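Sequence lines, in order, name chains A and B. Quick note: the first sequence uses the working numbering, first residue 17, plus one each step. Quick note: the second sequence uses the working numbering, first residue 124, plus one each step.
Rather than coming from a laboratory, the hints here were simulated on the basis of the structure. All of these numbers come straight from a predicted model, not from anything done at the bench. Beta carbons: idealized from backbone N, C-alpha and C, even for Gly. Honestly, I wouldn't trust all of these hints.
Claimed, not checked - Estimated spans, in silico, between C-beta atoms of each pair: (1) A:Lys161 <-> B:Asp312: 15 to 25 Å; (2) A:Pro45 <-> B:Lys371: 25 to 35 Å; (3) A:Glu148 <-> B:Met415: 37 to 47 Å; (4) A:Asp140 <-> B:Asp382: 41 to 51 Å.
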Amino acid sequence: MSDVLARVQAEMAAAAPDAALSHGVLVLPVAPAQLLEVVKRLKTGFGFDLFLDVTAVDWPGAPLRFEVVYHFYSTRDFVRVRVKTRVAEQDPTVDSLVPLYNSARFMERECHDMYGIVFRGNADLRPILLYEGFVGHPLRKDYPKRKEQPLVPYREGGS
Amino acid sequence: MNAPDRIANPVRPAFDTTLREDSVIVSIGPSHPATHGTIQIFTELDGEKVVRADLHCGYLHRGFEKECEDHTWHNLIPYVDRLNYCSALINDFAYCDAVEQMMGVAITPRCKYLRTLLAEYSRLADHLTCVAASLMELGAMTAFLYLVMLRDWIYEHLADLTGARVTYTYGRIGGLARDLPDGWLARLDEILVKYEEFIGRVHGLMDRNRIFIERTRDVGVITAADAIDWGYSGPMLRSTGVARDLRKDTPYLAYAELDFEVPVGIKGDNYDRYYVRMREMDESVHMIRQLMAMLPDGPVSVDDRRCTLPEKRLVYTEIESLINHFKLIMEGPQVPAGEIYVAHESANGELGFYLVSTGGGTPWKVHVRAPSFVHMGGAHKMLEGYQLADIIPTFGSINMIGGECDR
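Let the hints inform the model, and build the full structure from the sequences given.
So this is what it looks like as structure tokens:
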């Protein structure tokens, strides 16, 4: 493990006791309440200046159904960190990273579209890949793949 | 036939009132004849000046990630081709690399060098397309034809190898679909010579061209700090002077063994983005020539029954190979449970695959970190404050590829 990642793991031991290296990426599972603090520390203390990606993984039946997954990169040390947090279906809310990274604006919109994760503090969660009026969140496992919600009505007699 | 009922507006603009009394809101796109790429831009215009811009992508969204969850790992290769379809091989190789790392498969030496060579060849084709289209949109028809001619030779040449011009389905988990046909490298050499001849002409036509400089220099500027804040990577980030390139910083495939430079711009304007791409193409050609000399003999696919299909001859003659073939096709390669994020330096920047497996032949989740999508998130920064007509060269220089942006 690179020095930086070892230092991150040591410093985050309280917030992410289960941190481990996986395929060269340091994985930090944290509680939603600690997300913003951990990411702020990664950015200001360890040089993780590039917020690459946010997405979610749906685990139906699990008590905390959604796993929100973030990827960060340091353009100084060329290392990656993955931060993961779990939220329940009833209240799939996490803090937005918009105060720290502007790149969060679009990516959180996409994750909101696809999984219905609510990013507290991102004022603009309008649909981005979907359209206004789309019902549901298509990447949730219980959204049927073949379900259609056409904006333009089908012609009569056609298919 | 009666006119259909009014269709609900698929997008909601970020603003519907103007900041000033004498400005107007104009919606551009989603299918505007002057732009390439299906995107809608709501602008507030003060005369010809863009005061605010709100970009909407998603018109090409086709449920790529949802569809991936319903097919075997192997079946996804044609789908990933259709992300950035200007350099489909790079998507292929990044995806295969991610799956191979999860399975613990090490590709053969010949495959490693061939993938590197073809990734650079694809980058060449991608940059040619981007530069050609953005020059044409400024009226440079000759430069466009020179560049697109080159690209077409490359497409035909890749068709000789893969059977298709644009979407190749050439990567395989654990290798490649087939080895090079006879004479392929000789033709590659000819095309690279042609490249040098034609690219010299384009430099001569454009670099010091007054009209081109006026339209691109100091237009669509983004600072290095802003570029990083908005998640930029690839030529977009390098045009601001930040020499970050995954091929150099976290080398994968054969990049650690190659001699190449990472060209950067001065101020992150349209001219810099043009010039960075032109220089990157030279570096790609330099790398391809090194790789042609390094290319070892040997098989292109690993001899591993977990992922590589047995030879057809054996499938028809022995039961073990028949069962092996059947299981790989019907159930898919078995990928151990776990998750991975693998990023390659695609033509547009960091192309990341985040894969989650629960063990088995079908992915639980496939997510693509698409550079085009992230670049669209900050594109308004490069439009606001400039002229309406500047949207065209600026948008062209971002090289938004709908297949990858909207997925």
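Here is how each hint holds up against the structure:
no.	hint	result
1	A:Lys161 <-> B:Asp312: 15 to 25 Å	violated, 47 Å
2	A:Pro45 <-> B:Lys371: 25 to 35 Å	holds, 31 Å
3	A:Glu148 <-> B:Met415: 37 to 47 Å	violated, 52 Å
4	A:Asp140 <-> B:Asp382: 41 to 51 Å	holds, 45 Å
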